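Quick note, the sequences are listed as chains A and B, same order. Just so we're aligned, residue 272 is where the first sequence starts under my numbering, counting upward by one. Just so we're aligned, residue 3 is where the second sequence starts under my numbering, counting upward by one.
Worth flagging that the hints you see were computed from the coordinates, not collected in a lab. It cannot be assumed that every hint is accurate.
As a list, the in silico DSS-like pairs of lysine-lysine whose alpha-carbon atoms are at most 27 Å apart [as the list claims (entries may be wrong)]: (1) A/Lys331 <-> A/Lys375; (2) B/Lys21 <-> A/Lys320; (3) B/Lys20 <-> A/Lys375; (4) A/Lys366 <-> A/Lys327; (5) A/Lys375 <-> B/Lys24.
Just so you know, these numbers come straight off a predicted model, no measurement behind them.
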Amino acid sequence: GDSVTQMEGPVTLSEEAFLTINCTYTATGYPSLFWYVQYPGEGLQLLLKATKADDKGSNKGFEATYRKETTSFHLEKGSVQVSDSAVYFCALSAKAGTALIFGKGTTLSVSS
Amino acid sequence: ETGVTQTPRHLVMGMTNKKSLKCEQHLGHNAMYWYKQSAKKPLELMFVYNFKEQTENNSVPSRFSPECPNSSHLFLHLHTLQPEDSALYLCASSEASSSPLHFGNGTRLTVT
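Using the sequences and the hints, build the whole thing.
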């Protein structure tokens with residue numbers, strides 16, 4: 272079945288470091304791909320999305336490119352801040368009418 | 003303010019109690035969801051409602067009973083729960099069932 276695999280965390284970085292969180296997926300057809308972020312004590316928020324191959328989603332300095340050839344949607348940020356500390360979830364929508372499928376989440380901890 | 007409001011934020015209940023979780027969305031969305039978030043496990047989809055009709059039930063035990071009286075409100079009725087049901091219960095809504103989700107901040111449930 273359809274699934275999402277994220278790198279295990281936690282990821283621990285110093286402020287201004289480069290961030291990559293890997294995400295790969297398995298799906299039939301052409302899914303839409305999403306990254307969600309969950310700050311402590313809150314629900315998940317949509318961070319960015321891409322709906323077709325080679326699309327790049329971006330928001331708040333984060334980027335992810337939909338790579339069909341490698342079935343990946345890795346999240347990157349050039350310079351992380353302490354305020355980026357959160358749990359990041361990769362997700363896919365396989366086809367119209369079905370709910371999103373989420374990865375297990377990756378915890379990011381940024382220190383000053 | 004996420005547009006999706008969940009109450010209560012925290013709930014402690016005994017195994018013989020009956021309680022209900024409430025979710026309300028003011029976004030004009032047509033689909034609503036219950037998710038369970040437990041430590042070190044993927045986000046688990048429990049129920050999906052589209053236009054007030056239940057369209058998915060992911061093998062959830064009958065001690066969890068959803069109710070969707072209209073497209074703005076969603077309840078999760080709880081009875082005779084087990085300690086392993088302790089988790090963060092997240093409500094979400096979306097325009098359609100494969101659209102991006104808008105989450106509430108969740109109800110932290112502890113079963114004693």
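A quick look at each hint next to the structure:
no.: 1; hint: A/Lys331 <-> A/Lys375; in the structure: holds, 22 Å
no.: 2; hint: B/Lys21 <-> A/Lys320; in the structure: violated, 36 Å
no.: 3; hint: B/Lys20 <-> A/Lys375; in the structure: violated, 30 Å
no.: 4; hint: A/Lys366 <-> A/Lys327; in the structure: holds, 20 Å
no.: 5; hint: A/Lys375 <-> B/Lys24; in the structure: holds, 25 Å
Of the numbered hints listed earlier, those contradicted by the structure are 2 and 3.
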